[in-house]
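Trainee: Given these sequences and hints, build the entire structure.
Going down the list, the protein sequences come from chains A and B.
Residue numbering for the first sequence follows the numbering used here, starting at 1 and increasing by one per position.
Residue numbering for the second sequence follows the numbering used here, starting at 1 and increasing by one per position.
You may find that some hints are simply not true.
Unchecked claim - Here are the computed lysine-lysine pairs in the DSBU-like style, where the Cα-Cα straight-line distance is at most 30 Å: (1) K92(B) x K99(A); (2) K94(A) x K151(B); (3) K198(A) x K239(B); (4) K244(A) x K28(A); (5) K92(B) x K248(A); (6) K96(A) x K239(B); (7) K232(A) x K124(A); (8) K239(B) x K244(A); (9) K92(B) x K244(A); (10) K198(A) x K92(B); (11) K248(A) x K118(B); (12) K244(A) x K118(B).
To be verified - What follows is a set of in silico ranges between Cβ atoms, one per label pair, in the way DEER data are often shown: (13) P241(B) x E245(A): 47 to 55 Å; (14) M269(A) x G52(B): 30 to 38 Å; (15) E20(B) x E245(A): 39 to 47 Å; (16) R241(A) x E12(B): 42 to 50 Å; (17) P241(B) x K21(A): 40 to 48 Å; (18) Q304(B) x E245(A): 34 to 42 Å; (19) S38(A) x S76(B): 33 to 41 Å; (20) E12(B) x Q200(A): 53 to 61 Å; (21) K21(A) x D307(B): 57 to 65 Å; (22) K24(A) x R311(B): 47 to 55 Å; (23) R311(B) x T98(A): 43 to 51 Å; (24) L294(B) x R241(A): 44 to 52 Å; (25) N113(A) x G87(B): 47 to 55 Å.
Just so you know, the hints here were simulated from the structure itself, not pulled from any lab data.
Idealized CB from N, CA, C, for every residue including glycine.
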Amino acid sequence: MGFFKKKDKDKPPHIEIDIQKEIKKAEKEEKALWIKCSSCHELIYRKEVERNLDVCPKCQYHFPYSVQNRINLIFDKGTFVELYRGIEPVDFLKFKDTKSYKVRLQETRESLNRNDAVVCGQGKIKGIDALAAIFDFEFMGGSLGSVVGEKITRLLEEGAGKGIPVIVFCASGGARMQEGILSLMQMSKVSGAIYKLKSQRIPYITVLTDPTLGGVSASIAMLGDIIIGEPKAMIGFAGPRVIKETIKEELPAGFQRSEYLVEHGMIDMIVPRKEIKQKIHQLLSLITT
Amino acid sequence: MRYYLDFEKRLEPIERRIEEIKKFHNVTEGHYAKELSGLEKKVSKIEKEIYGDLSNWQRSQLSRHLNRPHTLDYVSHLFTDFTELHGDRRFKDDPAIAGGFARFEGISVAVLGHQKGKDVREMAARNFGMANPEGYRKAVRLMDLADRWQKPIITFIDTPGAFPGIGAEERGQAETIASAICFMFSLSVPVIAVVIGEGGSGGALAVGVGNRVLMLENATYSVISPEGCAAILWRDGAKGPLAADALKPTAPDLYELNVVDEVVPEPFGGAHRNWQETFDHLSQVLSKHLKELLSIPGDGLRAQRYDKFRRMGIFQEQR
Ligand SMILES: [Zn+2]
Numbered sequence: 001m002g003f004f005k006k007k008d009k010d011k012p013p014h015i016e017i018d019i020q021k022e023i024k025k026a027e028k029e030e031k032a033l034w035i036k037c038s039s040c041h042e043l044i045y046r047k048e049v050e051r052n053l054d055v056c057p058k059c060q061y062h063f064p065y066s067v068q069n070r071i072n073l074i075f076d077k078g079t080f081v082e083l084y085r086g087i088e089p090v091d092f093l094k095f096k097d098t099k100s101y102k103v104r105l106q107e108t109r110e111s112l113n114r115n116d117a118v119v120c121g122q123g124k125i126k127g128i129d130a131l132a133a134i135f136d137f138e139f140m141g142g143s144l145g146s147v148v149g150e151k152i153t154r155l156l157e158e159g160a161g162k163g164i165p166v167i168v169f170c171a172s173g174g175a176r177m178q179e180g181i182l183s184l185m186q187m188s189k190v191s192g193a194i195y196k197l198k199s200q201r202i203p204y205i206t207v208l209t210d211p212t213l214g215g216v217s218a219s220i221a222m223l224g225d226i227i228i229g230e231p232k233a234m235i236g237f238a239g240p241r242v243i244k245e246t247i248k249e250e251l252p253a254g255f256q257r258s259e260y261l262v263e264h265g266m267i268d269m270i271v272p273r274k275e276i277k278q279k280i281h282q283l284l285s286l287i288t289t
Numbered sequence: 001m002r003y004y005l006d007f008e009k010r011l012e013p014i015e016r017r018i019e020e021i022k023k024f025h026n027v028t029e030g031h032y033a034k035e036l037s038g039l040e041k042k043v044s045k046i047e048k049e050i051y052g053d054l055s056n057w058q059r060s061q062l063s064r065h066l067n068r069p070h071t072l073d074y075v076s077h078l079f080t081d082f083t084e085l086h087g088d089r090r091f092k093d094d095p096a097i098a099g100g101f102a103r104f105e106g107i108s109v110a111v112l113g114h115q116k117g118k119d120v121r122e123m124a125a126r127n128f129g130m131a132n133p134e135g136y137r138k139a140v141r142l143m144d145l146a147d148r149w150q151k152p153i154i155t156f157i158d159t160p161g162a163f164p165g166i167g168a169e170e171r172g173q174a175e176t177i178a179s180a181i182c183f184m185f186s187l188s189v190p191v192i193a194v195v196i197g198e199g200g201s202g203g204a205l206a207v208g209v210g211n212r213v214l215m216l217e218n219a220t221y222s223v224i225s226p227e228g229c230a231a232i233l234w235r236d237g238a239k240g241p242l243a244a245d246a247l248k249p250t251a252p253d254l255y256e257l258n259v260v261d262e263v264v265p266e267p268f269g270g271a272h273r274n275w276q277e278t279f280d281h282l283s284q285v286l287s288k289h290l291k292e293l294l295s296i297p298g299d300g301l302r303a304q305r306y307d308k309f310r311r312m313g314i315f316q317e318q319r
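Mentor: The following block contains the structure:
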């Protein structure tokens, strides 16, 4: 980098720009080839991780998994039909922090080609019908707002009406602050629908992936009849930083990770990604037949 | 102890002087009577200036005012025969939530809510109204008894939020809040939730699924505190006033969004300025809603509660 300083006035400027571009491009490619595991901090070859269902081959940390990959992983080929696609978010509070919610939504929707942070649908898991909601953490941290709440509520009502089990794959930082009180109210709306589903004796399974926190954890996630954690997923009500600042103590090793929650009786089991379809099928067949 | 917020500070010396005069002098006539009436005029003039047009940030501060009546104050002034019940039968008694059975206008009801403290010692003992899982489990236990015995439930909301701690997480803070919310949808008795002070996020909602949700004029109810929101979105906790404007957590805002059914007026300046007037206002409103709900059968109450929360949320739909 030191060779081409801006002070070197005898260098034609367009060449300099090209070189900087090249460096950036090279850096980008380098980054694209390798990723750092956020759990064991090893540098791993990206292709190797991708081939391994986005699981770190060194420590088995489960990286966030794309919605499309999740659908392909869980549902029998060609059986998944998306539901409630047309529901779109609205900036009804005209919320503005460093950026307006309206702009934030526009940019996120364009870059991810998705309306909001959850995809709902129906499909077959080894032949068994199931309704599913899959959170997209990329979309504003998988936050729970009016759209996510409405879609999942409809899904649960559909499950209650048709007698089809409901499975939710969670990945969320919590409620969507930009929707103020109505984001909080989604917790109650969804929980009411879960109550309805359960009263109809329809099974409700949740799979908690990294991270599942706040308002999603304290409604959708922890109400599962059966709760499955992905390995090393962070699961909790308050985030670790808030807890640390409040109590001014170090947090125990492995705190709020799936393994810790199993130990404390908060979730049923940890299932690695490569076994999840088999496990869900087994559970559904045990419950329904 | 009388406590003054920063924006109320101008009142402090005058009101201290008023107290002093009333305490030590004959105020029915003469010099002190004259001084007193002058001071009182001054107070009402300043009141108009400082309380006349409250910002969201000022309301957020008022909602946490240390001199505001808290849950047990409402219980002792609006109810009779209060018998407090303790414990979640699982782990311990959480003093951040208090509750039991009492009579409201002669009707036997379950009453419960977050309890902050009025002085430093009580605040610490009650963890500033921030409940642990056992607090919500106690609330569910009391609501379950009320349902079985067919008594209406009145809850008071006044909490910064559920406590963020190691033990709280280990004992399932998220699960207990979720279960409490979900459980409230099963209730076949009238449920009235009243936001009396600070309605902090999931910890507030855990006792907030009512057939009616009432809110005091200067109470706030929000997904996150303005300070917390500012720390995350502005990366600067001091931007609380901006966050309070953006979050729209005040009673009029929530009425507008159909989250609360009625705003209960407070005395000018806030509930802390005149407890009795606050009690009278709430008592009237509570009485009206309870009477309406008592005529609805259990299934109807459950359905009404479901529909009320089912409608919450704003989105658009392309077909
Ligand atoms: Zn790793």
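Trainee: Would you mind marking each hint as holding or not holding in the structure?
Mentor: Going through the hints against the structure:
1. Proximity of K92(B) to K99(A) is assessed by CA-CA distance (about 45 Å); at most 30 Å being required, the pair is judged violated.
2. Of the pairs offered as hints, the one joining K94(A) and K151(B) is violated, with about 42 Å between alpha carbons and a cut-off of 30 Å exceeded.
3. A distance of roughly 43 Å separates the Cα atoms of K198(A) and K239(B); the hinted pair therefore is violated under the 30 Å criterion.
4. A distance of roughly 35 Å separates the Cα atoms of K244(A) and K28(A); the hinted pair therefore is violated under the 30 Å criterion.
5. A threshold of 30 Å between alpha carbons decides the hint, and for K92(B) with K248(A) the separation of about 24 Å falls inside it, so the pair holds.
6. Between K96(A) and K239(B), the direct Cα distance comes to roughly 13 Å. Compliance with the 30 Å bound is thereby established for this hinted pair.
7. Between the alpha carbons of K232(A) and K124(A) the distance comes to roughly 28 Å, so the proposed pair stays at or under 30 Å and holds.
8. Proposed proximity of K239(B) and K244(A) is supported: the alpha carbons are some 22 Å apart, at most 30 Å.
9. A C-alpha spacing of about 24 Å is found between K92(B) and K244(A), which places the hinted pair at or below 30 Å, so the restraint holds.
10. A threshold of 30 Å between alpha carbons decides the hint, and for K198(A) with K92(B) the separation of about 29 Å falls inside it, so the pair holds.
11. About 25 Å separates the Cα atoms of K248(A) and K118(B), which keeps this hinted pair within 30 Å; it holds.
12. With a C-alpha separation of about 27 Å, the suggested pair K244(A) and K118(B) falls inside the 30 Å cut-off, and the hint holds.
13. The hint said 47 to 55 Å for the Cβ distance between P241(B) and E245(A), and at roughly 21 Å that hint is violated.
14. Between M269(A) and G52(B) the Cβ separation comes to about 59 Å, which falls outside the hinted range of 30 to 38 Å.
15. At roughly 42 Å, the beta-carbon separation of E20(B) and E245(A) lies within the given 39 to 47 Å, and the hint holds.
16. The beta-carbon spacing between R241(A) and E12(B), approximately 37 Å, falls outside the hinted interval of 42 to 50 Å.
17. At roughly 43 Å, the beta carbons of P241(B) and K21(A) sit within the given window of 40 to 48 Å.
18. Distance hint check: the CB atoms of Q304(B) and E245(A) are about 41 Å apart, consistent with the given range 34 to 42 Å.
19. The hinted range of 33 to 41 Å is not satisfied by S38(A) and S76(B), whose Cβ atoms lie roughly 53 Å apart.
20. For E12(B) and Q200(A), the hinted distance range of 53 to 61 Å is satisfied, since their beta carbons lie about 59 Å from each other.
21. Checking the proposed 57 to 65 Å range against K21(A) and D307(B) shows it holds: the Cβ atoms sit about 58 Å from each other.
22. For the pair K24(A) and R311(B), the supplied restraint of 47 to 55 Å holds, since their beta-carbon distance comes to about 50 Å.
23. For the pair R311(B) and T98(A), the beta carbons lie near 32 Å from each other, so the given range of 43 to 51 Å is not met.
24. Separation of L294(B) from R241(A) is about 47 Å and conforms to the stated range, judged on CB atoms against 44 to 52 Å.
25. With their beta carbons about 52 Å apart, N113(A) and G87(B) fall inside the hinted range of 47 to 55 Å.
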